[in-house]
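Add 11 to a position in the sequence shown, counting from 1, and you land on the number used in the working numbering.
The reader is advised that the hints may include incorrect statements.
As the list claims (entries may be wrong) - Derived pair list, reagent style DSSO-like, types lysine-lysine, alpha-carbon separation capped at 30 Å:
| # | residue 1 | residue 2 |
| --- | --- | --- |
| 1 | K91 | K40 |
| 2 | K88 | K13 |
| 3 | K165 | K40 |
Stated by the list, open to error - What follows is a list of derived Cβ distance ranges for each label pair:
| # | residue 1 | residue 2 | range |
| --- | --- | --- | --- |
| 4 | K165 | E83 | 25 to 33 Å |
| 5 | K54 | I212 | 41 to 49 Å |
| 6 | D51 | I153 | 20 to 28 Å |
| 7 | I110 | T80 | 39 to 47 Å |
| 8 | E79 | F203 | 33 to 41 Å |
| 9 | G38 | K217 | 16 to 24 Å |
These aren't lab readings, by the way, just hints derived from the structure by calculation.
Yeah, the Cβ is synthetic: ideal placement off N, Cα and C, and Gly gets one too.
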Amino acid sequence: MKKILNLIFSIAFSILIIMGIIQFSVGFKQLYYFDIDYLDIPKISGYSKEEIKLNYDYLIDYNLSKDETNFEMPTIKSSKEGKIHFEEVRDIFQNINKIFKVCFIISAVFIFINIKNKNIEFLNITSKALISIPLILSLPIIINFEKSFVIFHKLMFSNDYWIFDPSLDPVITILPETFFFHAGIMIIILIFISSIVSYSIYRLLKRKREQ
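With the sequences and hints as input, model every part of the structure.
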(Lines of atoms letter the chains of each structure in order from A and count residues from 1; the text may use other names and numbers.)
(Lines give C-alpha, C1' and ligand atoms only; values in the text may rest on other atoms or scores of the structure.)
Protein backbone atom coordinates (compact mmCIF):
# COMPACT_ATOMS: atom_id res chain seq x y z
CA MET A 1 0.00 0.00 0.00
CA LYS A 2 2.86 2.34 0.89
CA LYS A 3 4.51 1.72 -2.49
CA ILE A 4 1.25 2.43 -4.33
CA LEU A 5 0.77 5.69 -2.44
CA ASN A 6 4.38 6.65 -3.13
CA LEU A 7 3.79 6.02 -6.83
CA ILE A 8 0.52 7.99 -6.96
CA PHE A 9 1.92 11.00 -5.12
CA SER A 10 5.18 10.90 -7.08
CA ILE A 11 3.20 11.06 -10.32
CA ALA A 12 1.23 14.03 -8.94
CA PHE A 13 4.50 15.70 -7.94
CA SER A 14 5.98 15.01 -11.39
CA ILE A 15 2.90 16.49 -13.10
CA LEU A 16 3.18 19.53 -10.82
CA ILE A 17 6.79 20.08 -11.92
CA ILE A 18 5.97 19.57 -15.61
CA MET A 19 2.97 21.92 -15.52
CA GLY A 20 5.11 24.49 -13.71
CA ILE A 21 7.85 24.17 -16.34
CA ILE A 22 5.34 24.59 -19.17
CA GLN A 23 3.90 27.73 -17.56
CA PHE A 24 7.39 29.11 -16.95
CA SER A 25 8.51 28.36 -20.51
CA VAL A 26 5.43 29.98 -22.05
CA GLY A 27 5.94 33.08 -19.93
CA PHE A 28 9.69 33.19 -20.69
CA LYS A 29 9.44 35.78 -23.46
CA GLN A 30 13.24 36.14 -23.70
CA LEU A 31 13.45 32.95 -25.76
CA TYR A 32 11.19 34.47 -28.41
CA TYR A 33 13.03 37.79 -28.23
CA PHE A 34 16.23 35.88 -28.99
CA ASP A 35 14.57 34.10 -31.91
CA ILE A 36 13.34 37.38 -33.40
CA ASP A 37 16.95 38.11 -34.36
CA TYR A 38 18.20 34.54 -34.62
CA LEU A 39 15.46 33.49 -37.06
CA ASP A 40 15.26 36.94 -38.65
CA ILE A 41 11.51 37.10 -38.06
CA PRO A 42 11.22 40.76 -39.22
CA LYS A 43 12.46 39.70 -42.65
CA ILE A 44 10.15 36.67 -42.74
CA SER A 45 7.05 38.54 -41.58
CA GLY A 46 7.57 42.04 -42.90
CA TYR A 47 6.86 43.51 -39.44
CA SER A 48 9.32 45.58 -37.41
CA LYS A 49 10.97 44.09 -34.32
CA GLU A 50 9.02 46.44 -32.03
CA GLU A 51 5.69 45.49 -33.65
CA ILE A 52 6.51 41.79 -33.43
CA LYS A 53 7.33 42.06 -29.72
CA LEU A 54 4.16 44.08 -29.07
CA ASN A 55 1.91 41.45 -30.66
CA TYR A 56 3.78 38.48 -29.19
CA ASP A 57 3.55 39.97 -25.71
CA TYR A 58 -0.19 40.32 -26.22
CA LEU A 59 -0.45 36.64 -27.25
CA ILE A 60 1.36 35.43 -24.14
CA ASP A 61 -0.47 37.76 -21.76
CA TYR A 62 -3.80 36.75 -23.29
CA ASN A 63 -3.09 33.03 -22.90
CA LEU A 64 -1.87 33.29 -19.31
CA SER A 65 -4.46 35.80 -18.10
CA LYS A 66 -7.42 34.61 -16.04
CA ASP A 67 -9.57 37.50 -17.22
CA GLU A 68 -12.15 36.77 -19.90
CA THR A 69 -11.37 39.11 -22.79
CA ASN A 70 -12.03 39.14 -26.52
CA PHE A 71 -8.99 38.25 -28.59
CA GLU A 72 -7.81 41.31 -30.51
CA MET A 73 -4.13 41.71 -31.37
CA PRO A 74 -2.72 45.26 -31.21
CA THR A 75 -1.70 45.69 -34.86
CA ILE A 76 -2.14 42.33 -36.61
CA LYS A 77 -5.54 41.37 -38.01
CA SER A 78 -7.18 38.02 -37.21
CA SER A 79 -9.89 36.00 -38.93
CA LYS A 80 -12.87 34.59 -37.04
CA GLU A 81 -11.29 31.13 -37.16
CA GLY A 82 -7.94 32.53 -36.00
CA LYS A 83 -9.58 34.14 -32.98
CA ILE A 84 -11.37 30.88 -32.11
CA HIS A 85 -8.05 29.01 -32.28
CA PHE A 86 -6.33 31.36 -29.86
CA GLU A 87 -9.33 31.19 -27.54
CA GLU A 88 -8.93 27.39 -27.57
CA VAL A 89 -5.20 27.74 -26.90
CA ARG A 90 -6.02 29.98 -23.94
CA ASP A 91 -8.43 27.33 -22.60
CA ILE A 92 -5.61 24.77 -22.73
CA PHE A 93 -3.30 27.01 -20.69
CA GLN A 94 -6.08 27.73 -18.19
CA ASN A 95 -6.60 23.97 -17.77
CA ILE A 96 -2.85 23.52 -17.27
CA ASN A 97 -3.05 26.13 -14.51
CA LYS A 98 -5.94 24.26 -12.87
CA ILE A 99 -4.04 20.95 -13.02
CA PHE A 100 -1.02 22.71 -11.51
CA LYS A 101 -3.09 23.97 -8.57
CA VAL A 102 -4.65 20.55 -7.88
CA CYS A 103 -1.28 18.81 -8.04
CA PHE A 104 0.23 21.52 -5.84
CA ILE A 105 -2.29 20.82 -3.07
CA ILE A 106 -1.82 17.04 -3.37
CA SER A 107 1.98 17.38 -3.45
CA ALA A 108 2.07 19.80 -0.49
CA VAL A 109 0.08 17.37 1.69
CA PHE A 110 2.13 14.43 0.45
CA ILE A 111 5.51 16.12 1.03
CA PHE A 112 4.44 17.18 4.54
CA ILE A 113 3.43 13.62 5.40
CA ASN A 114 6.64 12.16 3.98
CA ILE A 115 8.89 14.65 5.74
CA LYS A 116 7.09 13.86 8.97
CA ASN A 117 7.60 10.11 8.39
CA LYS A 118 11.15 10.62 7.05
CA ASN A 119 10.24 8.95 3.77
CA ILE A 120 12.39 10.13 0.85
CA GLU A 121 11.64 7.37 -1.66
CA PHE A 122 9.16 9.60 -3.50
CA LEU A 123 12.09 11.74 -4.68
CA ASN A 124 13.68 8.69 -6.29
CA ILE A 125 10.43 7.72 -8.03
CA THR A 126 9.84 11.33 -9.13
CA SER A 127 13.33 11.60 -10.63
CA LYS A 128 12.78 8.41 -12.63
CA ALA A 129 9.38 9.60 -13.86
CA LEU A 130 10.82 12.96 -14.89
CA ILE A 131 13.85 11.53 -16.68
CA SER A 132 11.71 9.10 -18.68
CA ILE A 133 9.38 11.85 -19.91
CA PRO A 134 11.99 13.98 -21.77
CA LEU A 135 13.42 10.83 -23.32
CA ILE A 136 10.00 9.79 -24.64
CA LEU A 137 9.05 13.30 -25.77
CA SER A 138 12.37 14.05 -27.45
CA LEU A 139 12.27 11.04 -29.79
CA PRO A 140 9.45 12.21 -32.10
CA ILE A 141 10.80 15.78 -31.99
CA ILE A 142 14.29 14.69 -33.02
CA ILE A 143 13.09 12.17 -35.63
CA ASN A 144 10.54 14.42 -37.35
CA PHE A 145 9.56 17.66 -35.63
CA GLU A 146 7.28 18.87 -38.43
CA LYS A 147 5.18 15.69 -38.38
CA SER A 148 5.13 15.69 -34.57
CA PHE A 149 3.97 19.31 -34.66
CA VAL A 150 1.04 18.39 -36.91
CA ILE A 151 0.07 15.33 -34.84
CA PHE A 152 0.18 17.41 -31.65
CA HIS A 153 -2.28 19.95 -33.09
CA LYS A 154 -4.61 17.23 -34.38
CA LEU A 155 -4.70 15.68 -30.91
CA MET A 156 -5.21 18.96 -29.06
CA PHE A 157 -7.79 20.58 -31.36
CA SER A 158 -11.04 19.28 -32.83
CA ASN A 159 -10.82 21.55 -35.88
CA ASP A 160 -8.26 22.74 -38.42
CA TYR A 161 -8.32 26.42 -37.41
CA TRP A 162 -4.66 26.08 -36.41
CA ILE A 163 -3.80 25.86 -40.12
CA PHE A 164 -3.48 29.58 -40.77
CA ASP A 165 -3.82 31.36 -44.08
CA PRO A 166 -1.16 34.14 -43.91
CA SER A 167 -3.40 36.47 -45.90
CA LEU A 168 -6.18 36.14 -43.29
CA ASP A 169 -4.05 35.53 -40.19
CA PRO A 170 -0.62 37.10 -40.74
CA VAL A 171 0.23 36.30 -37.11
CA ILE A 172 1.52 32.96 -38.40
CA THR A 173 4.38 34.82 -40.09
CA ILE A 174 5.77 35.88 -36.69
CA LEU A 175 5.43 32.36 -35.23
CA PRO A 176 7.82 30.12 -37.21
CA GLU A 177 7.85 26.40 -36.41
CA THR A 178 11.52 26.61 -35.44
CA PHE A 179 10.58 28.80 -32.48
CA PHE A 180 8.19 26.09 -31.21
CA PHE A 181 10.99 23.58 -31.68
CA HIS A 182 13.25 25.72 -29.49
CA ALA A 183 10.48 26.06 -26.88
CA GLY A 184 9.97 22.28 -26.86
CA ILE A 185 13.69 21.67 -26.38
CA MET A 186 13.72 24.17 -23.53
CA ILE A 187 10.87 22.36 -21.77
CA ILE A 188 12.57 18.98 -22.19
CA ILE A 189 15.89 20.31 -20.84
CA LEU A 190 14.18 21.86 -17.80
CA ILE A 191 12.36 18.59 -17.07
CA PHE A 192 15.66 16.73 -17.37
CA ILE A 193 17.34 19.18 -14.96
CA SER A 194 14.43 18.77 -12.51
CA SER A 195 14.97 15.01 -12.62
CA ILE A 196 18.67 15.40 -11.84
CA VAL A 197 17.95 17.81 -8.97
CA SER A 198 15.30 15.48 -7.52
CA TYR A 199 17.62 12.47 -7.67
CA SER A 200 20.56 14.47 -6.25
CA ILE A 201 18.45 15.54 -3.25
CA TYR A 202 17.34 11.93 -2.79
CA ARG A 203 20.94 10.64 -2.83
CA LEU A 204 22.09 13.38 -0.45
CA LEU A 205 19.34 12.67 2.07
CA LYS A 206 19.89 8.92 1.80
CA ARG A 207 23.63 9.33 2.38
CA LYS A 208 22.98 11.44 5.48
CA ARG A 209 20.55 8.83 6.80
CA GLU A 210 23.10 6.06 6.37
CA GLN A 211 25.83 7.92 8.23
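Now for the hints, and whether the structure bears them out:
no. : hint                      : verdict
1   : K91 with K40              : 26 Å, holds
2   : K88 with K13              : 56 Å, violated
3   : K165 with K40             : 26 Å, holds
4   : K165 with E83: 25 to 33 Å : 27 Å, holds
5   : K54 with I212: 41 to 49 Å : 46 Å, holds
6   : D51 with I153: 20 to 28 Å : 24 Å, holds
7   : I110 with T80: 39 to 47 Å : 22 Å, violated
8   : E79 with F203: 33 to 41 Å : 36 Å, holds
9   : G38 with K217: 16 to 24 Å : 35 Å, violated
Checked against the numbered hints above, the structure breaks hints 2, 7, 9 and satisfies the rest.
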